[in-house]
Every structure is written in C-alpha cells, then in structure tokens.
Amino acid sequence: MLQNTETRKTDALSLLRDYIDAGGYGAGDKLPPERQLIDQLGLTRAALRQALETLERSGAIWRHVGKGTFIAEGPPGMAPDLDSLTNLGRQLTPMRMMQARICIEPALAREAAVHATGEEMTAMEQILQRSRAAATWAEYEAQDDQFHRTLAESTDNAMLLSVFDQLNRVRRAVTWGTVNRSSTRPPADHTSFDEHDAIARAIAERDPDGAWSAMRTHLKSVSARLFP
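Number 2 in this note's numbering belongs to position 2 of the sequence shown; there are no gaps in the numbering.
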C-alpha cells in the first residue's frame, strides 16, 4: 500500500511538471486554478495539492492566497541553491535558528497588518481553526507552517516572501533532535493557540506595532519552550 501511495505521488508530480513544460510556462506566469488542473490532469484534489506543495518546497513555484499559483521568478541558475540552504541549516544550532526567526518574522507580521487582504485574513482564521482541531502533532505543525507562510504572503512583497521561504527551508534543515511529546495532539491550553490568535487579531485590526509585538512574543515563547 505504501509503495502504491508513493507511486501516485510521483505520477502526480510528473504529470504536473510535464503540463508546465508542455504549456510553455515561464517565470512569473500564473498557472490555471486547481479545479481546471484537476480536470485536465485527471488527478484528485489531494494528489494535485501534494504535487504543488513539492514544487513549492523546491522553489519552482510560489502560491499567494487569493491570487493563484505562479512559476518562480528568474532563470534556473538564479533560483536559491537548495543544497546551499540545506548546508547552512546544518551549520546553525536550533537556538541560532530561533534568533533569526525572532529578528525577521515580527517585521513580516508588521507588513501583513498593513497589506493583508480580507481573503488572506479569512484564510489565516481558517488555518487557526484547523490547528485547534488537529488530531495529531503532525497535523498541527502542518497548519502552523501554513499560518506563518500565509502571513508572509500577506505582506504583498515578493522579496519578503522569498526571504521567508528561504528562512523556512533552512529551518527544516536544522537538526532539532527529538522533541518529547506528552500527548498525541496539542492540548487545549497549548500556548501557541492564543499566541497565533493574537497575531491574527492584530493583523485584522490593522495594528502593525501590535502584530510585530504579538509575533515576537509568540516566537520568544516557542524559544523558551524549546530551550528552557
């Protein structure tokens, strides 16, 4: 069964890559909406989204809530060197990684409070609802990752989004070790729930300083839990 699942993932990714190549899509071009891709490629929504996520993680495409999916800017040789980013992650300690996030992500939250669209704010609220309902830590962490990226998208600044994506790729490469979990899912009083709510609320209220402060408070709280 696992082999069949992995085969489907590979087939979906190959179909999507072939579709992009055959369509002559170049840097900055917008891909058709998911519904159209599902019909044209004969994929399920889940398979298509997994393929899109793989391309996004590799830097081949980028997605913006409410605007669509785009081919990444710049010729192939100008894309961030993923091997270099991975090597950088291996040189950083987890604490140094958190320090970098504390420097950068509050500034992104400040910009999001100025530029986020109503649709992006709604998307963030829906993500937070799904994170509270997560049945496992893995599901929660996927929603957590999506919340922070949607916030970065909300800056309406391709350079800032690129900085976040590179920061996030390095974060994934950092060796965190084993995090001990005392439960199978986040408890109802998990502190990040209220911290995320505070960030989203400040953005919705168009409060740049409040968003900056709420994000900094959240990341310092995460750091304190990881490095007591």
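Hints may contain errors.
Taking lysine to aspartate or glutamate and the DMTMM-like style, the derived pairs with C-alpha atoms no more than 20 Å apart in a straight line are [unchecked claim]:
#1 Lys-67 <-> Glu-195
#2 Lys-30 <-> Asp-18
#3 Lys-30 <-> Glu-56
#4 Lys-30 <-> Asp-156
#5 Lys-220 <-> Glu-119
#6 Lys-220 <-> Asp-194
#7 Lys-220 <-> Asp-209
#8 Lys-220 <-> Asp-144
#9 Lys-67 <-> Asp-209
#10 Lys-67 <-> Glu-139
#11 Lys-67 <-> Glu-34
#12 Lys-220 <-> Glu-195
#13 Lys-67 <-> Asp-29
#14 Lys-220 <-> Asp-189
#15 Lys-30 <-> Glu-53
#16 Lys-67 <-> Glu-56
#17 Lys-30 <-> Glu-195
I should point out that these hints are in silico values taken from the structure, not numbers from a laboratory. Nothing here was measured: the structure is a model prediction, and the numbers come from that model.
**OP:** Hint by hint, work out which the structure violates, then give me just those numbers in ascending order.
**Re:** 1, 5, 9, 10 and 17
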